[in-house]
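The residues making up each chain are set out below.
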Amino acid sequence: MIFVTIGSMLPFDRMIQAVDRWAQETGCDDLFAQIGNGQYEPRHMRWERMLGPREFSQKLEAASLLVAHAGMGTVISAMEAGKPVIVMPRRVAYHEVTTEHQVHTAEWLQDKPGIFVAFSEADLPAALSLAQDHLEMGTTLISRSAPAEFVNKVRQFLVE
Amino acid sequence: MNPKNPRKILAISSGGGHWVQMRRLRPAFDGLDVAYVSVKADYAQDTPGCRFYTVRDVNRWDRFGFFILTLQLIKILWRERPDVVVTTGAAPGLLAIFLARLMGSKTMWIDSVANCGRVSGSGSLARRFVHVCLTQWPHLKQDDGPDYWGAVL
Chain D
1 MIFVTIGSML
11 PFDRMIQAVD
21 RWAQETGCDD
31 LFAQIGNGQY
41 EPRHMRWERM
51 LGPREFSQKL
61 EAASLLVAHA
71 GMGTVISAME
81 AGKPVIVMPR
91 RVAYHEVTTE
101 HQVHTAEWLQ
111 DKPGIFVAFS
121 EADLPAALSL
131 AQDHLEMGTT
141 LISRSAPAEF
151 VNKVRQFLVE
Chain Z
1 MNPKNPRKIL
11 AISSGGGHWV
21 QMRRLRPAFD
31 GLDVAYVSVK
41 ADYAQDTPGC
51 RFYTVRDVNR
61 WDRFGFFILT
71 LQLIKILWRE
81 RPDVVVTTGA
91 APGLLAIFLA
101 RLMGSKTMWI
111 DSVANCGRVS
121 GSGSLARRFV
131 HVCLTQWPHL
141 KQDDGPDYWG
151 AVL
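These protein sequence lines are chains D and Z, in that order.
Counted from 1, the first sequence has number 55 at position 55 by this note's numbering; the numbering is strictly sequential.
Counted from 1, the second sequence has number 118 at position 118 by this note's numbering; the numbering is strictly sequential.
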């Protein structure tokens with residue numbers, strides 16, 4: 001299953017529409033999308049507007065690949081589950097976000113194993129075929145905690 | 001630290017990535033008396049056995065929201081009397097550490113790892129009054145803050 005998520009209620013129709021079109025063109029029918037308050041309702045994917053943390057975890061575990069906005073919450077969750085992920089940054093120009101930080105995040109992530117970047121909806125089909133050819137690669141699986149050194153420094157401040 | 005009287009910590013963050021980063025810091029609170037504050041009630045599933053408060057999610061343009069949030073935070077701070085308040089952002093965390101500073105708590109701002117190009121606007125404001133302001137990117141460290149101690153990744 002390909003799990004498509006925009007991470008919150010803020011619409012990101014540009015991404016949802018592009019993945020839906022890809023699903024139609026390729027005939028891939030095993031997609032699930034979390035679409036928030038978007039106006040566009042997918043016709044070639046199952047979808048929900050919002051998922052609670054438990055439902056999100058279930059979809060994540062069941063997925064072989066994620067397509068997501070370039071938000072760190074989603075990216076970290078994908079890494080904690082060891083799942084490959086395609087990220088597409090939300091852009092200020094389309095009122096999808098208030099700063100361009102997702103573009104910076106995407107630039108930083110683009111050479112990480114198991115992470116594929118589509119800077120615009122036009123890049124998504126190529127990213128989807130590339131990612132599907134490399135599903136076995138996965139993401140670098142990370143533990144569910146911050147590195148011990150950082151945790152210890154923060155803790156030291158808390159207890160001193 | 002006196003084990004019979006552990007430090008009281010209040011850990012506050014917005015939703016999404018801010019909360020996911022706070023979740024990764026949970027081991028820093030082991031054995032301490034920690035209460036969590038965030039913007040979605042079902043995040044309490046991530047912190048079993050801990051006190052959890054839900055507050056209104058606001059952004060900088062939501063004046064009425066800020067008013068409600070301020071009342072909610074004062075109530076929580078009054079009840080918890082935390083020794084330290086730590087936040088991973090964004091707006092609710094900024095307001096919380098500002099109020100906590102006035103009430104005498106130690107305060108810490110951890111700027112989101114998403115801010116790799118520059119420190120967030122909230123982080124720049126926090127830097128002026130918090131005890132410790134951290135960026136998670138070494139190249140954004142500055143002599144007069146923010147400091148860099150590492151990252152949640």
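Honestly, the hints are just simulated from the structure, not real lab data.
Since we're looking at a predicted model, the values are computed, not measured.
Among the hints, a few may not be true.
[To be verified] In the DSBU-like style, the derived pairs of lysine-lysine whose C-alpha atoms are separated by at most 35 Å in a straight line are:
id, chain 1, residue 1, chain 2, residue 2
1, Z, Lys40, Z, Lys141
2, Z, Lys106, D, Lys59
3, Z, Lys8, D, Lys153
4, D, Lys112, Z, Lys40
5, Z, Lys106, Z, Lys75
6, Z, Lys75, Z, Lys8
7, Z, Lys40, Z, Lys8
8, Z, Lys141, Z, Lys8
9, D, Lys112, D, Lys153
10, Z, Lys8, Z, Lys106
11, Z, Lys75, D, Lys153
12, Z, Lys106, D, Lys153
13, D, Lys112, Z, Lys75
14, D, Lys112, Z, Lys141
15, Z, Lys106, Z, Lys40
16, D, Lys59, D, Lys112
17, D, Lys112, Z, Lys8
18, Z, Lys40, Z, Lys75
19, Z, Lys141, Z, Lys106
[Claimed, not checked] Pulled a few chain Z residues facing chain D out of the computed Cβ check, cut under 10 Å:
id, residue
20, Lys40
21, Asn59
22, Asp62
23, Arg63
24, Gly65
25, Gln72
26, Leu99
27, Val152
[Claimed, not checked] Covered stretches of chain D, going by a simulated chain Z footprint (3 or more residues, C-beta under 8 Å):
id, segment
28, 41 to 54
29, 59 to 69
30, 100 to 112
31, 154 to 160
A virtual CB, placed ideally from N, CA and C, is assigned to each residue, including glycine.
So, going through the hints one by one against the coordinates:
Proximity of lysine 40 of chain Z to lysine 141 of chain Z is assessed by CA-CA distance (about 32 Å); at most 35 Å being required, the pair is judged to hold. For the hint linking lysine 106 of chain Z to lysine 59 of chain D, the alpha-carbon distance of about 39 Å lies beyond 35 Å, and the restraint is violated. At most 35 Å may separate the alpha-carbon atoms for a hinted pair to count; lysine 8 of chain Z and lysine 153 of chain D meet this at roughly 17 Å. Distance check on the hinted pair: lysine 112 of chain D and lysine 40 of chain Z sit about 31 Å apart at the alpha-carbon level, within 35 Å; holds.
Distance restraint check for lysine 106 of chain Z and lysine 75 of chain Z: the Cα-Cα separation of roughly 18 Å lies within the 35 Å cut-off, and the hinted pair is therefore satisfied. Taken as a hint, the lysine 75 of chain Z and lysine 8 of chain Z pair is honoured in the structure, with Cα atoms around 16 Å apart against an allowance of 35 Å. Distance restraint check for lysine 40 of chain Z and lysine 8 of chain Z: the Cα-Cα separation of roughly 22 Å lies within the 35 Å cut-off, and the hinted pair is therefore satisfied. Our distance criterion of 35 Å between C-alpha atoms is met by lysine 141 of chain Z and lysine 8 of chain Z, whose separation comes to about 28 Å.
Our distance criterion of 35 Å between C-alpha atoms is met by lysine 112 of chain D and lysine 153 of chain D, whose separation comes to about 27 Å. Restraint check for lysine 8 of chain Z and lysine 106 of chain Z: the C-alpha separation of about 11 Å stays at or below 35 Å, so the hint holds. Simply put, lysine 75 of chain Z and lysine 153 of chain D have alpha-carbon atoms about 30 Å apart, close enough for the 35 Å limit, and the pair holds. Restraint check for lysine 106 of chain Z and lysine 153 of chain D: the C-alpha separation of about 15 Å stays at or below 35 Å, so the hint holds.
For the hint linking lysine 112 of chain D to lysine 75 of chain Z, the alpha-carbon distance of about 44 Å lies beyond 35 Å, and the restraint is violated. Between lysine 112 of chain D and lysine 141 of chain Z, the direct Cα distance comes to roughly 23 Å. Compliance with the 35 Å bound is thereby established for this hinted pair. Proposed proximity of lysine 106 of chain Z and lysine 40 of chain Z is supported: the alpha carbons are some 25 Å apart, at most 35 Å. For the suggested pair lysine 59 of chain D and lysine 112 of chain D, the alpha carbons sit about 23 Å apart, so the restraint of at most 35 Å is met.
Taking the CA atoms of lysine 112 of chain D and lysine 8 of chain Z, the gap is about 38 Å. The hint is violated against a cut of 35 Å. Pair hint lysine 40 of chain Z plus lysine 75 of chain Z holds up; C-alpha atoms about 18 Å apart against a cutoff of 35 Å. Simply put, lysine 141 of chain Z and lysine 106 of chain Z have alpha-carbon atoms about 21 Å apart, close enough for the 35 Å limit, and the pair holds. Residue-level restraint check for lysine 40 of chain Z holds (minimum Cβ-Cβ distance to chain D is 8 Å; threshold 10 Å).
Given the 10 Å rule on beta carbons, the hint for asparagine 59 of chain Z holds: about 8 Å separates it from the nearest Cβ of chain D. Interface restraint check: aspartate 62 of chain Z against chain D, minimum CB-CB distance 13 Å, threshold 10 Å, status violated. Interface restraint check for arginine 63 of chain Z: the shortest CB-CB distance to chain D comes to about 17 Å, outside 10 Å, so the restraint is violated. Interface restraint check: glycine 65 of chain Z against chain D, minimum CB-CB distance 15 Å, threshold 10 Å, status violated.
For glutamine 72 of chain Z, the interface hint is violated, the least distance from its beta-carbon to any beta-carbon of chain D being 21 Å, above 10 Å. Proximity of leucine 99 of chain Z to chain D is violated relative to the hint, the smallest CB-CB distance being about 19 Å (cut-off 10 Å). Against a cut-off of 10 Å between C-beta atoms, the interface hint on valine 152 of chain Z holds, since the closest Cβ of chain D lies about 4 Å away. Note: the segment 41 to 54 of chain D has 3 residues with beta-carbon separation from chain Z under 8 Å; the three-residue rule is met and the coverage holds.
Coverage of the segment 59 to 69 of chain D by chain Z is violated. Counting CB-CB distances below 8 Å, 0 residues qualify, and the rule asks for three or more. Counting residues of the segment 100 to 112 of chain D whose beta carbon lies closer than 8 Å to any beta carbon of chain Z gives 6, which reaches the threshold of three, so the coverage claim holds. Counting residues of the segment 154 to 160 of chain D whose CB lies closer than 8 Å to any CB of chain Z gives 5, so the stated coverage by that chain holds, three being the minimum.
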